[in-house]
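Order-wise, the sequence lines are chains E and R. Under the numbering used here, the letters of the first sequence match residues 1 to 447, in that order. Under the numbering used here, the letters of the second sequence match residues 1001 to 1239, in that order.
Possibly wrong hints are sitting among the right ones.
What the hints assert, rightly or not - Computed footprint of chain R on chain E; a stretch qualifies when at least three of its residues, placed anywhere within it, have a C-beta under 8 Å from a C-beta of chain R:
| id | stretch |
| --- | --- |
| 1 | 60 to 73 |
| 2 | 76 to 83 |
| 3 | 102 to 111 |
| 4 | 233 to 245 |
| 5 | 436 to 445 |
To be verified - Only pairs whose alpha carbons sit at most 35 Å apart, straight line, appear in this in silico DSBU-like list of lysine-lysine:
| id | chain 1 | residue 1 | chain 2 | residue 2 |
| --- | --- | --- | --- | --- |
| 6 | R | 1189 | R | 1236 |
| 7 | E | 442 | R | 1173 |
| 8 | E | 442 | E | 176 |
| 9 | E | 442 | R | 1236 |
| 10 | E | 435 | E | 251 |
| 11 | R | 1236 | R | 1169 |
| 12 | E | 251 | E | 222 |
| 13 | E | 176 | E | 251 |
| 14 | R | 1189 | R | 1173 |
| 15 | E | 435 | R | 1173 |
| 16 | R | 1169 | R | 1189 |
| 17 | E | 435 | R | 1189 |
| 18 | R | 1169 | E | 442 |
| 19 | R | 1173 | R | 1236 |
| 20 | E | 222 | E | 176 |
Unchecked claim - What follows is a list of derived Cβ distance ranges for each label pair:
| id | chain 1 | residue 1 | chain 2 | residue 2 | range |
| --- | --- | --- | --- | --- | --- |
| 21 | E | 179 | R | 1237 | 51 to 57 Å |
| 22 | E | 239 | R | 1016 | 37 to 43 Å |
| 23 | R | 1222 | E | 223 | 51 to 57 Å |
| 24 | E | 442 | R | 1225 | 50 to 56 Å |
| 25 | R | 1058 | E | 438 | 37 to 43 Å |
| 26 | E | 106 | R | 1019 | 51 to 57 Å |
| 27 | R | 1004 | E | 119 | 35 to 41 Å |
| 28 | R | 1225 | E | 36 | 46 to 52 Å |
| 29 | R | 1029 | E | 129 | 35 to 41 Å |
| 30 | R | 1058 | E | 225 | 35 to 41 Å |
| 31 | E | 438 | R | 1202 | 19 to 25 Å |
| 32 | R | 1019 | E | 249 | 40 to 46 Å |
| 33 | R | 1225 | E | 225 | 37 to 43 Å |
| 34 | E | 107 | R | 1016 | 33 to 39 Å |
Calculated from the structure, these hints are not laboratory results. Each residue gets a CB set at the ideal place from its N, CA and C atoms; glycine is no exception.
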Amino acid sequence: MSDTPGVADRRDAVCVIGAGASGLTAIKNLREQGFAVDCYERETSVGGAWNWRHDRSPISSSTHLISSRPLTEFPDFPMPDDWPDYPHHSQVLSYLERYAEHFGLGEHVWFGTEVVSAVPVGDGRWDVTTRSPGGGAERTQRYAAVVVANGHNWSPRMPEIEGEFRGRFLHASAYKNPAILRGRRVLVIGGGNTGCDIAVEAAQQAAEVWHSTRRGYWYAPKYVLGRPADQVNAVMLRLRLPLWLRQWLYKRSVATSAGDLTRYGLPEPDHRPYETHPIVNSQLVYYLGHGRITAVPDVARFDDAAVELTDGRRVEPDLVIAATGYRPQFEFLAPELLDLTEDGRPDLHLHAFARRHPTLAVVGLLQADSPALFPLAHWQSVAVARWLRLRTADPVRAAAVQQTESRRPLEQWSRARVMPTPRHWFEVSSTDYLKVLDELLKRLEPA
Amino acid sequence: MTLLRYEDWTSPVRPVRREVLSVVPDDATEPPVLFVPGPAFGAWVFAEHWLGHAAGRGFPAHALTARAEGGLREYAHDVVQVAAALPRQAVLVGHGVGATIVARALGRYPARAAVLVSPVLDRWATLRHALTVNPAGTVPAVFGGRLRLNGRQVTADERVRPARLPSLKNPDKPVGDPPVLVVGSPDDKVVPRASLDRTAARYGGAPLLFPGMGHDLMTGDGWAEPIDAVLDWLGKELL
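Please construct the entire structure, taking both the sequences and the accompanying hints into account.
Here it is as C-alpha cells:
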C-alpha cells in the first residue's frame, strides 16, 4: 500500500462512528479485544438519542423505557438494582455516561467531529474524512476497519399527505414537552410506541384528542400478573413454549386486560401477536375508555383548517403530530457499500456485517422485542470485535467462518413473518437473534 | 459467556441495603479495588489492615459485606452492583467463599483484574480437608448445613459466623479476559494445597504461596506480606 499524501495512517486502529449507546459498547468491546479506537461524535457529549440536549435526539421530557431494566441493561454493566422497573430517559442517559466513565471510553472519542465520508481504499482499509459539524477544515485518516453506530431514530419519516393544513404540523421528533398540547385540539398520527405515548399525554393535557392508526395492534400492558410484561414473556420463552401457544396466551392476556378494542372504533389487528414490533402502553386503552382519546382511521387529506379521514369524517385539530417513525441514513457511505436498496434499506448479514466488505460493520441497527436493543448491540459489537481480531490473527479460520456464515438461512435470525413494512425492516426476535450470535461467537473464539 | 439469561430476566435479584466500607486516598492513582469476604466474615476483616494499606499505595479500597440471606447468585449480584457503581473499572479480590463469589461475578462483569485469596472453589476438597482439622464444625456442612470454623482454622474473632459453602461447578469464563491471580498458604487449614493448584491452573497460572500463614491471610501478624505481593502484581499487570 503506497502512502497517500495528506492521509494519516492509523494502522490497526478501528474507526467507530457515533458515541450513543451502540457506539459506546462498540468502543468498549473493541478495546477489550486490544484494538486502538477512534470514535467520531458530531455532538459534544455521549448518549446519542438518549441525550435530550442533542439536536437529533427524539426524546421528549416524559420518555420512559418501554422494556424493563433487566431486559434493557448491558449484560456486563447492570443498572442500579434500586432503579424503577421502567427508568426515565434521564436515568438512561446517566447510565450511559457512567458506562463511558467506568470503562474510560471518553478518551477515545473525538467530540464535535462529524464523518463526511468513509471510503474503502483496498486491502480492507478505509479512508475516513472528518470535520467540525457545519464546516471547517477536513481531515482524512486511514483505518483498518469502520464500525457504524450512527443510530436510526434521527431522520424523521414524514407522511405524505395531500392538501394544505392551516394549523401546526409537527413530526414527533420535534415534540419535546407536553406544554404545547395544553388546551389544544390534537390529532396524533401513528400507532407505534411514540404515537401511543403522545396520544396518552395529549389525553392528560389537551382539550380534545384524535388518534389515527392505519391498522389494529396488540397493545401490550406494561404489567402482566403484577410483573413487567417483558419479564413474564421471558418466562414463556424460558419454558420454550411454542409460538402458537405464546400467541394464544398473549391474546388471552390482552383480552383479560384491554379487552375488545373494536368497541372503541379501533380496527381488528390484521396480524397475530409477535408479528409487529411490540406496542407497550397501559394507558392508551384507559383513556379510550374515558373518552379522552377518540380512535380514528388513516388521514386522507388536509383541507385548510380540517383533516379529512379515510372514512369520510372531518376533524378540526389545532395541532397535528406525526409519529410516523424514522428512516436510517448513512450519508457518509456510498449506497453500494451497505447494499442499500432503492428505498434505502441496507442488506447486511445479521443486520450487522456488510456482505462485500469484511471490515465494515453496523452496530445497533435493530428493532428488538425483548431483551431490548442495548444487550443486542453489546453482543453484536463483541462479535464484530472478535471477527476483526480473528481476521488478523487467523485468516484461514476467518475465511472458514465467513463460508459457514454465508450459508446461514435468513429466517434463522430475521423472522420473515413480521409485517412487510419499512417499520419492520430490522425487526428481530431478540432471543432467536441472540442464539445465532451465540453460535457465531463460539466459532470466532480464539483457538 | 451466557447470552440467554432467563433467570436474570424472569426473576431479578431483589435489592438490599449493602454494607460497603471504603478507604479512598486523596490522590488515587490506581484503579479501585473491591475486597469480597465470604459470608462467614464481613467487610470488617479487610478494614483491619488491607483497606488502609491498599489506599496508602494509591488504590481506592472498598470492602463489601455479604447480604444476610442469599446464595451465590445474590452475593455475586451484589458484587457486580457495587463494582459497577465505582467510578472506574474495578479490581476484584475475593477471599475464601468470597473468591467463589468473585469467580461467579467475573462471568458478569469485566473486572480490571481479579485476585482469589485462599479460594474455596472445590467444595468437596475443602470439606475433606476441614474434616481432618475440625470434624465437629465440618460435619453439618457435609450435609448442606453451615461450616463452623474454629480457632485453628481462622483468627478467633466473635464476628466470624458459621456459613454455608456454596458450590460453583463451572463458573462462566471471565468476561473481558482479566488477569487472575491465586494466592494462598500451603498451611491453610480450610483449603488444601492441591485445591489451590487446581484453581490457579483453571485460570492459567500457579498459586502465589505464603508458607506458615493460615486461611485468613489478611489478619494476624503477617498480613502485610500478601497484600504487598498482590498490589505489586497488580502494579505490573495494570501497566
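* To do: Enumerate the violated hints, using their earlier numbering and listing them in ascending order.
  => Going through the list in order, the structure violates hints 8, 17, 22, 24, 26, 28, 30 and 33 and respects the others.
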